[in-house]
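Participant: Chain by chain, the residues:
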Amino acid sequence: MAEVKYSIEEKMKKKQILVVEDERIAAEDIKMSLHRLGYAVSGAAISGKEAVKKAEDLQPDLVLMDIVLVGEMDGIEASALIRSRFDIPIVYLTAYADKKMLERAKVTEPFGYILKPFDDKELCSILEIALYKHKMERKLKKTQQELIQSEKLAALGRFSSGIAHEIKNPLGIILGGSEFLEMKLSRVDPEIKTAIKKIKESTFRADRIVKDLLKFSRPSILKTERIDPNGLIRETLSLFKYRTPLIEIKIKTHFAKEKMFLEIDKSQMQQVFFNLLLNAIESMPNGGLLMIKTYKMAPSEFSFAKKLCVIEIADTGEGISKKNLQKIFEPFFTTKREIKGTGLGLSMSKMLVNNHNGDLVIESKPGKGTTAKIILPFC
Amino acid sequence: MMEKILIVDDEEDFCYFVKKNLEAISNYKIIIATRGRKGIQIARKEKPDLILLDIMMPGIGGLEVLKKLKGNEKTQNIPIIMLTAKDEDKSRIKALGSFCDDYIIKPVENLVLKGKIHKVLSITK
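Keeping their order, the protein sequence lines are chains X and L.
In terms of the working numbering, the first sequence is residues 1 to 379.
In terms of the working numbering, the second sequence is residues 1 to 125.
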């Protein structure tokens, strides 16, 4: 069968299926059925090893997997690897259904098991259910992770509140002692002056961390008011004129033309904007483009709000690796040790946006840049 | 005239440096009490011009000391600045509700502390 070509738009809409089948005629049959049912075949493989490689390269939405394949690795072994490494759902399509085979297949947690010969209706219903189930599974995992994260933050807050004064008292003594030494010794030796200055700076840094930690422990009482997000962004941007040199950074704004109002706590949301703008600016030490957009978004399945407002802050900095992106909302996770980042800015920003029934999403491509999206419900 | 400042704080090292640092840049005479009860006694006897008062202390805590001092006619007019590691709204509200004159969180720079003392003294005199 001739290869069917899809436009990029079509590929975006259609679910991508990787077909793993070592018999050529059977593979062509499956592909034809998939095309008839409105799916896109992102690729095909004839061995387990090839299936794993293509799953990694193509990242399909689902793998339709035969069990008995050419080569050393069979379909079950390949499925186990694909599930654990790339979290792609598997549906088996095989002629075998003996008890031993089923037992082995079960362990890989497949999203379906189809026996050959199959018909289009059966294939379609199993694939649709599998794709939906996987989508819901991902959503559930995301919610679980967010719950764990918020529980971690709450625990951190309780802990910080308990120990804050135990840390602040010795900090008071360190600062007092440094200032005492500064008076007595700094005229004697400039090196001593430098050393004392560093001690004082570190004291203030430790104090800042304690202050940030304490914010997690405070119950968040929102003092909301009707705010135009575009105005608040402009106001927050103006703060950087005095704090950070923006010489090499070009700022572009693309604000929604129609008036938008949000019911938000001004100071909390300004802190979120400030944190995200600062991150964007610091990711471009050699200059770049800072793009700020605001727009309306249709409600997603993840929100009960009728209308949503998105505030997007994008940079052209170095971006964040996939590995780091997973940890980005963990308290104390930072890639900015050298500029003394505390690793609390993003976790706190997420908490503050969540308090407004919104969400903060970070998308990034290493080498290209990062986009932070604040999604908030309209009042 | 040399103004007398009483520090009531159980952290002896902290008191030592506050005393040394403030005396170096001002004409204040600094007296130290490392317990709340002792602080009340000294306040009644010495009548300081201002008190720097910690909150978390063994025995009588700072908020209790504040109430006792503000509730006694001998000491009620002495301005009191809370100087504490307790960075909590609850404590701040309690202290301000008992008529303390300022609330400073540790650690604090010597010049800032001197400025706050000066401000409170000029308002209350």
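Fair warning: there could be bad hints in the mix.
Output of the computed footprint for chain X on chain L, the stretches with three or more beta carbons under 8 Å from beta carbons of chain X [said to hold, decoys possible]: (1) 1-14; (2) 18-28; (3) 85-98; (4) 104-118.
Note that these hints are calculated values from the structure, not bench results.
Source: prediction; values computed, not measured.
All C-beta atoms, glycine included, are put in the ideal place defined by N, C-alpha and C.
Participant: Of the numbered hints stated previously, which ones are contradicted by the structure, given in increasing order?
Facilitator: Of the numbered hints, all hold.
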